[in-house]
Amino acid sequence: MRHFLYLTNTRLVSLVAQGKRIVARREFAVSGAGAAAFEAYLANLRDTRTYLFVDLAEEDFRLDTIPHVGAGDRQAILGRKLTQIFRNTPYRHALLQGREAEGRRDDRVFYTAITNPELLRPWLEMLERLGVPLEGIYSAAVFSGVLLQELDLAFAHTLLVTFTPGEAMRQSYLRDREIKFSRLTPIDLEEGQSLGTMIAEETTRTWQYLDSLRNFGTDDRLEVCILLHASDRRVIEPELRDFAQLQYRLLDMEEVALKLGLKPAPLDSTCEEVMVHLFLLTKPDNHFASAEMRRFAVLRRARNALTQAAGAIVAASIAWAAWTLAPALKLSEADVRVAQQVSGLDREYDEIMKSLPSFGVGGSTMRDAVAFYNGSIRGFPTLTSFLVPVSGALRDHPTVRLTQLAWMATDDPKDTPRLARSQSREAPPVRTIAGKAAEPPPPAGPAAAADPPNPVFAGGRYQVAVVEGAMRVPANDFRGAMTEVEKLAADIAALPGYRADVMEGPLDVSPTTQLQGRLNEKAPATMETRFLLRIMREKEPST
Amino acid sequence: MSAVFSRGGMLALRGPIAILVLAIAAGGAVIGAAHWFAAKEKRESADSGRRLQEARSRVEGARRERDNLMQSAEVFRTLMDRGLLQGERRLDLVELVNSLRARHQLAALDYDIAPQRSLQLAGGRGFGSIDVLASRVKLRARALHEGDVLGFIDDLTTTPQGFYPVDRCTMRRIEAPADTIQPRVEGECTLEWITLKEKRRG
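First to last, the sequence lines map onto chains A and B.
Just so we're aligned: the first sequence equals residues 0 to 542 in numbering that gives the first Met the number 0.
Just so we're aligned: the second sequence equals residues 0 to 201 in numbering that gives the first Met the number 0.
If we strip away everything but chain A, and leave its shape as in the complex, we get (with noise of 0.2 Å):
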């Protein structure tokens, strides 16, 4: 929400705009009690920001030129300038208005003061007393320029004609569209005299003193543009007379209105809804506020402006904080999930645990004990079964006897058992006699050796057996009883599982040994051999 305060030298208008619509309007008298009643007025509104139009009779305009120089210095030659020319004033104001085309192309000027600051006064007064957020003054002849450039109204020489509130008529003199003059006369019409002829006196005579200043060549014109509403044209319009040098051309104030946006359209002639219409528009720099008379605005911008920094950055922390939050919530929501997941898994545990079975020990003792039963003592062979098959196929030779076995359970299948030799009391006539070559292998592997008092309990993959036999067969028949042998080797191999092989046989025959025959008279009909099996029984592997 904006304030507008316009001011003449016997009216203030306060305009109050929310956005670009003006949505309140109070009139005050400058005089008696107007000021009063406006500071009552003013309280409500002291935190809005204030923008203050002068459109008074003590404002005076100069123009000027001045060297083309640096912004820093030029600053300091208009300052200079402006407190030669309006030394009794501090609302001074100067407009740059481009370069002369000639010569050094001095920068133009224009100068503007409220020539008497006493008019200000008591209204600043106010303003400063409540503290109001003064952004600026703005003169209103100066602005009303922005009329034109609006209104696409672009003439050599311009005179605008509009009227303010305090019936006073304001003419502003705009070449190309930049202000050189401006005067304010007061509507004080004599006997007899309408408003369009004091309008028609006025601008002729405004024309007449423009040409004295030699502003127009012999063939320029003054197009005098008056801002008027529907209600006062029939009044005006008949007293204007156009001639060769000056012609008038009525701007209806419903039309400009329109053209400018403005909504309402202002009820009467009077031009400051329009000024304030225009403000809103384009915002122009202020003229006559110093900074001293504009700090509550500064410290009002600067307090807002902390403030939504304020508020920025909690709303930015907060948006940054969700932003972060955003994923850890999914998280959150997630382990949730899981924890019920765990816990489900938790009961189950408990359940499967519950439902193990027991026997006063523990589960691994349980485990434990069965993987070593199965492991090494459930397939332990037994010597009864091992000959079982064996004898089965002794049947088949009824010829063999069996003296003695050495059997022991192993899982080296290179162990032999030890065995003694017994002695045939009827010994063949031929025979090997006993050296270190005719010796039967010693029975090898660790289990062939003594008992051990620790020995490592094998798993009894391998059942290994010395069997030592006897076979009576017709005297010198040693081929008959070798093969004899051989085939109960054979016989015994063909069990499923078994291996045999013949250690020692009934003579033996290799070159390497000595052999002995004693053949006597009285030699008997037959003779008893004797000979050792290696037997050898794979457990098979379990499945």
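It should be emphasised that the hints constitute simulated quantities derived from the structure, not laboratory data.
Being a predicted model, the structure only gives us computed values, none of them experimental.
Hints may contain errors.
Claimed, not checked - If the Cβ cut is set under 8 Å, some of the chain A residues that face chain B in the computed set are:
#1 M365
#2 T381
#3 L386
#4 P416
To be verified - Between beta-carbon pairs, the in silico distance windows are:
#5 A/P510 / B/T77: 56 to 62 Å
#6 B/Q119 / A/Q515: 44 to 50 Å
#7 A/P510 / B/G127: 58 to 64 Å
#8 B/T158 / A/I432: 47 to 53 Å
#9 B/Q181 / A/L514: 34 to 40 Å
#10 B/G7 / A/R86: 26 to 32 Å
#11 A/D175 / B/G7: 41 to 47 Å
#12 A/G374 / B/M79: 15 to 21 Å
#13 B/G7 / A/A56: 32 to 38 Å
#14 B/T158 / A/S390: 34 to 40 Å
Cβ atoms here follow ideal geometry from the backbone N, Cα and C, with glycine treated the same way.
Following the hints, complete the assembly by docking chain B onto the known chain A.
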């Protein structure tokens, strides 16, 4: 801007400045708290993932153990019935041997039971929950017929109480006159009397 940075300006703006400072502090606190919470949630999420994995592994292990134990339960019941975990009862063995000797009419029976020891298993195998103990037993028997010796050994190894795996045996015929009643077979066997001991029981 000098109006702002003057003493009066700073005094006039002390409220908004304080609000800005508070907003910065609050914003920092909010962001810090959000990051702390997010980091905490991330840690907890990782922890919960690990907990879930552990719980699954635990349940999977329990299922496996249940299945194993279900399969092992009958076997273990048999082992318990045969006294595998009850320790050695030497008097029972003495009585068992005596009864088997009488049943198989052994002419003579000598036996030696060595002190109990930890049994060394092939391959250095061991168990976490049990100790395997054994006493080495040597038997020497004489009988009229080899079937008596074999029956004695067979009955001993298949007795419903205890485990006695026989790992060595020798048998030989004894020469004796044909018309006399004298032992004709001599057998000598060695076996391990195996018992188990649960380690946790001390």
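Quick rundown of the hints versus the structure:
1. Checking A/M365 against chain B by beta carbon gives a least distance of about 5 Å; that is within 8 Å, so the hint holds.
2. Annotation: A/T381 was flagged as interfacial toward chain B, and the flag holds, the nearest CB pair being 6 Å apart, inside 8 Å.
3. The interface hint given for A/L386 is met, as the beta carbon of that residue sits about 7 Å from the closest beta carbon of chain B, less than 8 Å.
4. Satisfaction of the interface hint for A/P416 is found here, the shortest Cβ-Cβ separation to chain B being roughly 7 Å, below the 8 Å cut-off.
5. For the pair A/P510 and B/T77, the supplied restraint of 56 to 62 Å holds, since their beta-carbon distance comes to about 59 Å.
6. Restraint check, B/Q119 to A/Q515: a C-beta distance of roughly 48 Å satisfies the suggested window 44 to 50 Å.
7. Roughly 59 Å separates the CB atoms of A/P510 and B/G127, a value that falls within the hinted 58 to 64 Å.
8. The hinted window of 47 to 53 Å between B/T158 and A/I432 holds, with their beta carbons roughly 49 Å apart.
9. Checked against the hint of 34 to 40 Å, the C-beta distance between B/Q181 and A/L514 comes to roughly 37 Å, which is consistent with it.
10. For the pair B/G7 and A/R86, the supplied restraint of 26 to 32 Å holds, since their beta-carbon distance comes to about 29 Å.
11. Under the hint 41 to 47 Å, the C-beta atoms of A/D175 and B/G7, about 45 Å apart, fit the expected range.
12. Restraint check, A/G374 to B/M79: a C-beta distance of roughly 18 Å satisfies the suggested window 15 to 21 Å.
13. Between B/G7 and A/A56 the beta carbon distance is about 36 Å. The supplied range of 32 to 38 Å therefore holds.
14. One distance hint, 34 to 40 Å for the beta-carbon pair B/T158 and A/S390, is violated here, with the actual separation near 24 Å.
Going through the hint list in order, the structure does not satisfy hint 14, though it satisfies all others.
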